[in-house]
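> Chains A and B, in that order, give the protein sequences.
Numbers 2 to 101, taken from our numbering, label the letters of the first sequence in order.
Numbers 402 to 707, taken from our numbering, label the letters of the second sequence in order.
Don't read these hints as lab results, they were simulated from the structure.
Computed from a predicted structure; not experimentally measured.
A hint or two may mislead.
As the list claims (entries may be wrong) - If you want the footprint, here are the derived chain B segments under chain A, 3+ residues with CB under 8 Å:
{"#": "1", "segment": "473-487"}
{"#": "2", "segment": "696-706"}
What the hints assert, rightly or not - Residues from chain A shown here face chain B by an in silico Cβ test under 10 Å; the list is partial:
{"#": "3", "residue": "D28"}
{"#": "4", "residue": "Y40"}
{"#": "5", "residue": "K84"}
A virtual CB, placed ideally from N, CA and C, is assigned to each residue, including glycine.
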Amino acid sequence: MPSVYEVFRRERPGAAMQHAGSIAAPDERFAEIYAREQYGRRGESDALWLVPRDAVQEIDDFVDEFDLKYRRVDGYSLKERLKEARELAGSSRRDEPGTP
Amino acid sequence: METMDARTEDRTESFLAHVQSGGLVETGDWMPDEYRKRLTKFIEMHANSELMGVLPERDWILRAPTLQRKLALTAKIQDEVGHAQLLYRVVEDLGKPREVCLDDLIAGKSKFHNVFHYPTRTWGDVGVIAWLVDAAAIISQKALLKCSYAPYARIMRKICWEESFHILHGRDVILTLVTGTDAQRELVQEALDRWWAPLMMFHGNPIPAEDDPMVRWRIKSQPNEEARQQFLEGYVPQVWELGLTLPDPKLRRGDDGVWAYTEPDWNELMAVVSGHGPASQERLAFRRLSRTEVDWVARTVLAEAA
Numbered sequence: 002m003p004s005v006y007e008v009f010r011r012e013r014p015g016a017a018m019q020h021a022g023s024i025a026a027p028d029e030r031f032a033e034i035y036a037r038e039q040y041g042r043r044g045e046s047d048a049l050w051l052v053p054r055d056a057v058q059e060i061d062d063f064v065d066e067f068d069l070k071y072r073r074v075d076g077y078s079l080k081e082r083l084k085e086a087r088e089l090a091g092s093s094r095r096d097e098p099g100t101p
Numbered sequence: 402m403e404t405m406d407a408r409t410e411d412r413t414e415s416f417l418a419h420v421q422s423g424g425l426v427e428t429g430d431w432m433p434d435e436y437r438k439r440l441t442k443f444i445e446m447h448a449n450s451e452l453m454g455v456l457p458e459r460d461w462i463l464r465a466p467t468l469q470r471k472l473a474l475t476a477k478i479q480d481e482v483g484h485a486q487l488l489y490r491v492v493e494d495l496g497k498p499r500e501v502c503l504d505d506l507i508a509g510k511s512k513f514h515n516v517f518h519y520p521t522r523t524w525g526d527v528g529v530i531a532w533l534v535d536a537a538a539i540i541s542q543k544a545l546l547k548c549s550y551a552p553y554a555r556i557m558r559k560i561c562w563e564e565s566f567h568i569l570h571g572r573d574v575i576l577t578l579v580t581g582t583d584a585q586r587e588l589v590q591e592a593l594d595r596w597w598a599p600l601m602m603f604h605g606n607p608i609p610a611e612d613d614p615m616v617r618w619r620i621k622s623q624p625n626e627e628a629r630q631q632f633l634e635g636y637v638p639q640v641w642e643l644g645l646t647l648p649d650p651k652l653r654r655g656d657d658g659v660w661a662y663t664e665p666d667w668n669e670l671m672a673v674v675s676g677h678g679p680a681s682q683e684r685l686a687f688r689r690l691s692r693t694e695v696d697w698v699a700r701t702v703l704a705e706a707a
């Protein structure tokens, strides 16, 4: 039976490799030929990576058991605290520092 | 057993809510049987159409008028076969092996698009197919970019990109012919007259979105009639501006922007896609023949690789 290869392609130098699709091929030689034809024949790719599907280790669960908010953007509520800080500073915010 | 059923029902409900609110589905995700079945059948038919769609054009490789045209046509055919390969891969990941798809196709158990059941009589047909059949196809395919099944939507991006070359190639063939001799111009007109009815059937009979299970699962998001209207709006003016005519006296753009047309014969559409079109059996016979003829290649390659 043919095996499945995941194909990644880079659109231009400096860009990240992106998943392009998959191909089925009896061996690596055929996989290379098919990948070149499917994903490179119009000059649309600068480089390809072929990875046997079995070699891909997938992780798709990201449980935040301890609710580690400080690692996330929503973990910082600056807006209210800034408002409070401005109120504390009071009118001095508008005045030049050092004026009597 | 009862609890399992209730659980499946709950999962199905939340799956439906997920896809209906724009959620996407990946290969390994749980999906209801009905979703998997409909999706598989739909993508398989698309794959079959790409594969069978090359046969009407293949007839013209050896008869192409110039070397340049021969090469462009061959490249288009390679694109379509490539699309079939990519689509059968998507089907395979949904659980139906490509070999089974190919067997079902030649056994007449699965369908392919109506337009590929008609003969290609002249070089004018090649132009009309590349221009207008591909234009009709790209409208459906662009709408499929929003399909709830993400692996299909992703492949559709590549397919749409390549189809745009075909429309260019088709327009180029047509423009060359209509600026040529009277005989060349007539060739286009005659082809157009024959292709108009199949083109009008291409997007299927109008089904209200609320009654369409394909829309319900967000496999499709564009109702058939909307696709046809978009095709008419985009391409009828392009046909007319070349001084060509379309064989439908009722064809007219209303003040509301909706195109009026003669109702296509939907019974003919059903008959054609179920294998009773003018070229259906000939095409299937050819497909059967190539499957038998190249069988030894597949066996040899797989034996060598093993």
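> Does each hint fit the structure? Answer for all of them.
Evaluation of the provided hints:
1. Remark: the segment 473-487 of chain B is confirmed as covered by chain A, as 4 of its residues place a Cβ nearer than 8 Å to a Cβ of that chain, reaching the required three.
2. As drawn, the segment 696-706 of chain B meets chain A at 4 residues by the rule of a beta-carbon pair under 8 Å; at three or more, the given contact holds.
3. At a threshold of 10 Å, the smallest CB-CB gap from A/D28 to chain B is about 4 Å, leaving the interface hint in force.
4. Given the 10 Å rule on beta carbons, the hint for A/Y40 holds: about 8 Å separates it from the nearest Cβ of chain B.
5. Given the 10 Å rule on beta carbons, the hint for A/K84 is violated: about 35 Å separates it from the nearest Cβ of chain B.
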